[in-house]
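Colleague: Using the sequences provided together with the hints, build the complete structure.
Protein chains: 2
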Amino acid sequence: MQQARKQVVHRWSQLFIPTLREAPTDAEVASHKLLLRGGYIRQLGAGIYSYLPLGQRAINKIIAIVREEMDGIGQEFLLPTIHPKEVWEASGRWTVMGDNMFRLKDRKGAELCLGMTHEEVMTDIARNELRSYKQLPQIWYQIQTKFRDEPRPKSGLLRVRQFIMKDAYSFDIDEAGLDASYIKHDAVYRRIFDRCGLEYVAVEADSGSMGGSQSQEFMVYTEAGEDLIASSASGYAANLEKAVSVLSPVEDLAPTGDGLPELVHTPGKGAIADICQFLGMLPSQDIKCVAFMGTVAAPTADTPLRPVVAFLRGDHQVNETKLCAIAGVAELRPMLPAELELHIGGPAGFLGPVGIAEVMTQGSLNGLNSGKELAKLKGVSRETTSEGLKTIVIMDLGLQGRSNLVAGANKLDYHFRNVTPSRDFTVTATADIRNVLEGELDPIGNQPLRLGKAVEIGHIFKLGRKYTQSMGATVLNKDGKEVTPIMGSYGIGIERILTAAIETSAAKFASNPESKQEGYALPSAIAPFEVVVTITNIKEADLLAAGESIANDLAAAGFDVLLDDRDERAGVKFKDAEMIGIPYRINIGKKLSEGKVELVDRLLNQTHDVALADIVSTLQRTI
Amino acid sequence: MQQARKQVVHRWSQLFIPTLREAPTDAEVASHKLLLRGGYIRQLGAGIYSYLPLGQRAINKIIAIVREEMDGIGQEFLLPTIHPKEVWEASGRWTVMGDNMFRLKDRKGAELCLGMTHEEVMTDIARNELRSYKQLPQIWYQIQTKFRDEPRPKSGLLRVRQFIMKDAYSFDIDEAGLDASYIKHDAVYRRIFDRCGLEYVAVEADSGSMGGSQSQEFMVYTEAGEDLIASSASGYAANLEKAVSVLSPVEDLAPTGDGLPELVHTPGKGAIADICQFLGMLPSQDIKCVAFMGTVAAPTADTPLRPVVAFLRGDHQVNETKLCAIAGVAELRPMLPAELELHIGGPAGFLGPVGIAEVMTQGSLNGLNSGKELAKLKGVSRETTSEGLKTIVIMDLGLQGRSNLVAGANKLDYHFRNVTPSRDFTVTATADIRNVLEGELDPIGNQPLRLGKAVEIGHIFKLGRKYTQSMGATVLNKDGKEVTPIMGSYGIGIERILTAAIETSAAKFASNPESKQEGYALPSAIAPFEVVVTITNIKEADLLAAGESIANDLAAAGFDVLLDDRDERAGVKFKDAEMIGIPYRINIGKKLSEGKVELVDRLLNQTHDVALADIVSTLQRTI
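First to last, the sequence lines map onto chains A and B.
Read in order, the letters of the first sequence are residues 5 to 627 in the working numbering.
Read in order, the letters of the second sequence are residues 5 to 627 in the working numbering.
Please note: incorrect hints may appear among the correct ones.
What the hints assert, rightly or not - Capping the alpha-carbon separation at 25 angstroms, the derived lysine-lysine pairs in PhoX-like fashion look like this: (1) Lys-10/B - Lys-138/A; (2) Lys-112/B - Lys-158/A; (3) Lys-109/B - Lys-89/A; (4) Lys-89/A - Lys-543/B; (5) Lys-109/A - Lys-112/B; (6) Lys-158/A - Lys-109/B; (7) Lys-482/A - Lys-470/A; (8) Lys-188/A - Lys-10/B.
Hint data in this document are derived by calculation from the structure and do not stem from the laboratory.
Modeller: Printed below as a string of structure tokens:
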């Protein structure tokens with residue numbers, strides 16, 4: 005609870021709280037609707053919002069918590085919004101950021117951008133100011149506005165073009181130091197999200213494309229989210245990009261004939277469901293083929309596309325992030341029919357692993373994965389490289405050790421029976437390239453996985469030496485030798501904390517048939533006010549007097565209190581209070597004659613009468 | 005003093021405080037040098053700075069004071085940085101802002117700008133949300149980063165391209181309401197600057213060009229400033245643009261001949277000093293002529309320039325802001341020789357008021373001053389308008405009632421004697437168009453004026469209906485009639501508070517020959533730390549223990565304390581503490597054996613010994 009210092013009573017009649025009766029028609033997700041209806045925000049342009057007083061109060065409370073916790077491990081900076089092109093060229097990201105970066109020119113024609121993130125600027129300070137291992141470790145953070153020219157801004161504050169981030173950067177002399185900085189952030193982030201009242205999971209995240217070694221996202225389950233995560237009761241949690249599971253044993257089919265691949269005529273049975281029914285088997289006994297063309301990180305007109313073919317169980321789905329990582333490519337697109345013919349040799353629906361001629365070897369793949377090899381490929385033709393454009397074939401772990409599977413025969417209307425990996429076909433590599441499924445068992449405690457959409461509220465990341473190296477930051481170590489410090493990068497989306505809290509609460513209210521609550525209730529630590537005192541009728545002098553007195557008592561006890569002193573009907577006041585998400589409401593009404601008021605605990609969906617004398621102590625016990 | 009809550013001890017050894025031994029060569033003003041030397045800021049680009057931990061601590065303290073005071077009269081918003089072109093077109097300022105506005109396009113080609121100020125965005129919210137007089141008054145503020153593409157960024161944080169402003173906007177139903185909102189801001193601004201420990205003057209400022217009716221700037225005298233202000237012991241204070249003074253009586257020359265204008269041959273005596281010597285008179289007995297061509301607010305290729313000629317005492321200087329205001333033009337440039345011949349009829353050095361043919365009448369001038377008439381002039385030629393391009397002749401009040409003056413005769417090497425205003429020449433208007441001079445008497449208490457450079461830290465401004473009208477914001481008044489609310493606009497430069505405080509202190513230290521202080525000392529309310537406890541030698545265990553203990557006691561008492569626990573020589577530590585501007589320093593040194601430490605009060609330039617037991621109470625009495 006808030007004990008710190010005496011608060012002033014805020015009077016609704018004096019505040020600018022433009023609640024809306026109806027949700028705007030273009031708002032889809034709950035937090036977008038409710039932030040507009042509650043008078044928290046108004047839109048100025050696509051993905052650009054003004055924060056009105058209630059929104060700003062909530063944001064300020066979140067920032068205060070973040071700042072207080074971050075001050076415990078680091079030092080606050082404030083870096084510029086406008087960056088000269090040069091600092092982004094030094095890291096090589098001026099080009100990489102593409103259209104997501106807002107760019108502009110000043111009156112002299114100098115090229116500038118709006119900061120999307122601040123690795124470059126922080127590393128620039130580090131390279132100029134840090135000279136010795138004695139100055140390390142450093143944890144530098146800021147709370148600042150970021151800009152990204154999102155292609156499709158939407159969902160209110162969830163996907164915007166301007167937003168507030170707490171970003172932090174650690175500089176350490178070595179990996180052990182980075183581990184310590186990373187762990188500090190992990191702990192502080194948990195405290196921050198706990199204090200903000202969020203129900204979150206910390207998930208392993210993919211860190212491959214940024215070259216880092218470890219990465220963890222803090223996620224809140226919500227249908228409004230755009231990420232998919234898997235978690236279980238044993239504490240396992242991972243982004244779907246990274247999640248793995250234990251597969252239950254699957255029964256193989258019995259061999260037919262001599263047990264070797266046997267061509268079967270399967271006219272029109274290109275779909276997995278159809279072939280299963282036709283041959284009387286399960287999808288888990290089928291080999292699915294998914295074929296892509298892969299692109300390198302910064303493709304040019306003459307960069308060759310790379311054929312990437314995935315084989316996995318008929319009931320499994322490819323996870324493209326995992327596949328990209330193992331295949332060493334940046335992006336995938338489905339093969340066109342001509343490419344299927346060229347690289348695999350069959351038509352869609354009847355593709356399979358048996359007989360693919362030009363499969364890349366594991367060794368070449370390892371070379372490619374270094375990233376440098378891929379760059380070398382630029383401009384070479386199929387004729388001039390032996391392994392260059394061979395097909396990368398990746399088999400999912402779910403097929404390992406299996407036998408007598410059914411697979412397409414790379415021939416229209418034909419399948420093979422008795423296909424047994426290793427014996428019947430070669431692959432470039434075998435790896436986990438599939439999405440886990442709801443209910444599969446997690447790998448650490450064998451508990452069923454919960455799969456769901458989620459929104460990211462924070463991210464911690466072992467960045468490595470990408471920026472310190474490319475920008476030339478060095479310090480002298482104990483032996484007087486120049487070494488490159490190692491970095492971590494850590495972010496919290498300030499508005500995401502608010503939107504995630506609203507989404508969570510709105511979903512609870514909506515899914516509880518017994519709830520009489522509308523709108524949402526924010527955790528008291530981040531609500532614009534902790535408690536609203538609603539005078540049901542200000543024309544009744546005793547109600548008015550009691551409301552004023554209770555509000556004053558609560559403020560004196562340190563509560564952040566809003567007094568609804570408007571000349572409105574009680575129904576309107578209750579509805580408005582629900583729309584602005586205040587977690588506790590005290591209704592001053594008829595029961596006052598019995599010395600009682602009504603306390604509505606909107607978080608617990610409970611209402612009870614409380615004697616006037618007990619109001620402060622009751623709230624002190626509750627909040 | 006800080007009593008609020010227990011603080012933690014900050015250890016210098018753990019902080020990032022990159023002080024510099026030498027001032028960077030490109031830094032000119034004291035605050036620029038000292039902010040760099042003290043490790044407060046680092047430059048990222050022209051007019052773009054990163055705030056390091058000490059800078060950010062000071063900024064955060066200033067912001068906290070501003071927020072606390074502003075919350076007493078208004079409600080905090082946070083408006084976007086990126087604005088769509090449309091909202092600036094609605095007010096007509098998209099064009100007016102010219103090259104000072106940073107402009108950019110998004111990925112879809114939509115035109116955007118970076119907010120320089122937020123009248124448009126606030127008025128946009130007001131026009132969408134305010135419907136009734138019952139919702140007024142509103143005072144809406146924010147603390148936010150602003151962007152201006154300064155042509156010549158310089159002086160460290162004094163003239164930058166990105167800076168933090170507290171900007172506020174009031175909406176009232178009528179002038180009386182605006183008066184009240186304006187007075188509220190005046191009072192709150194004084195409290196803010198008082199709490200920040202600034203020595204400031206509140207000066208009348210010019211409000212003509214923005215169409216407002218009253219305007220006041222809060223200024224701090226400093227040689228680093230770019231404004232000139234005049235103030236006196238009687239409380240009078242005004243920007244030089246606006247300052248007026250009481251002139252002492254001046255003796256007129258005796259008439260010669262028939263007392264009418266008499267042509268005198270004055271070969272080569274074009275300069276005032278020369279003619280005075282030649283004719284044995286004082287500059288105050290001469291009429292000086294200063295001739296300009298004036299331009300309208302948004303000139304185009306075919307907008308005619310307007311001749312504007314000023315006559316004033318030979319010892320006075322034209323104030324171009326005053327002249328622009330009375331002449332109804334936006335900018336002035338000196339006439340070229342051909343223009344002097346055309347519009348006045350004489351050569352430079354021999355210009356005078358007698359015989360100028362085409363002098364505009366007062367009536368036409370009043371029409372022009374409305375601003376609308378000026379727009380009409382666009383594209384008309386000299387032939388098609390009767391008054392259009394006649395010469396605007398303005399006489400300064402200092403010539404009113406005078407007689408027998410000497411003036412150029414608009415003929416090479418000739419002057420007139422016996423020139424008497426009104427009788428011998430006509431003017432378009434007589435007005436105060438001169439700069440006041442140091443030592444002249446102020447108009448309210450007849451005290452001598454102090455003239456000096458100053459930096460603006462705040463500005464309050466009765467804006468009128470310019471934005472509400474152009475953007476179509478209306479509310480219903482008590483009678484159900486649509487009326488246009490009236491606005492005020494109010495700004496505080498957050499960094500300016502810091503730089504002004506540094507400039508003031510550095511100037512005091514530099515000008516006091518008895519000062520042993522280097523650097524500067526910030527007022528304790530805005531210093532990054534209130535007190536630094538300097539352990540002169542950490543290798544002496546008793547000094548170390550005493551330093552830790554004193555720092556802990558001070559923190560427990562609520563002081564924001566920095567413990568210099570570094571393994572450095574005492575001299576280095578003292579110097580560093582002076583460079584970072586901490587107002588109080590406690591030296592833990594040899595006298596500890598007598599149970600004493602040294603308290604250096606850097607604001608008062610005093611050092612005294614204090615018994616260990618008295619340290620906390622002494623600081624409580626002091627800070």
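Colleague: Now tell me if each hint is right for this structure.
Modeller: To see whether the hints hold, each was checked on the structure:
Between Lys-10/B and Lys-138/A, the direct Cα distance comes to roughly 30 angstroms. Violation of the 25 angstroms bound is thereby established for this hinted pair. A C-alpha spacing of about 15 angstroms is found between Lys-112/B and Lys-158/A, which places the hinted pair at or below 25 angstroms, so the restraint holds. The straight-line distance between the Cα atoms of Lys-109/B and Lys-89/A is roughly 16 angstroms, inside the 25 angstroms bound, and the hint therefore holds. At roughly 47 angstroms between alpha-carbon atoms, Lys-89/A and Lys-543/B are farther apart than 25 angstroms, so this suggested pair is violated.
Restraint check for Lys-109/A and Lys-112/B: the C-alpha separation of about 17 angstroms stays at or below 25 angstroms, so the hint holds. The hinted pair formed by Lys-158/A and Lys-109/B meets the criterion: a straight-line CA distance of about 19 angstroms does not exceed 25 angstroms. Annotation: proposed proximity of Lys-482/A to Lys-470/A holds, straight-line Cα distance about 23 angstroms (limit 25 angstroms). For the suggested pair Lys-188/A and Lys-10/B, the alpha carbons sit about 23 angstroms apart, so the restraint of at most 25 angstroms is met.
The structure fails to meet hints 1 and 4 from the earlier list, while all remaining hints are met.
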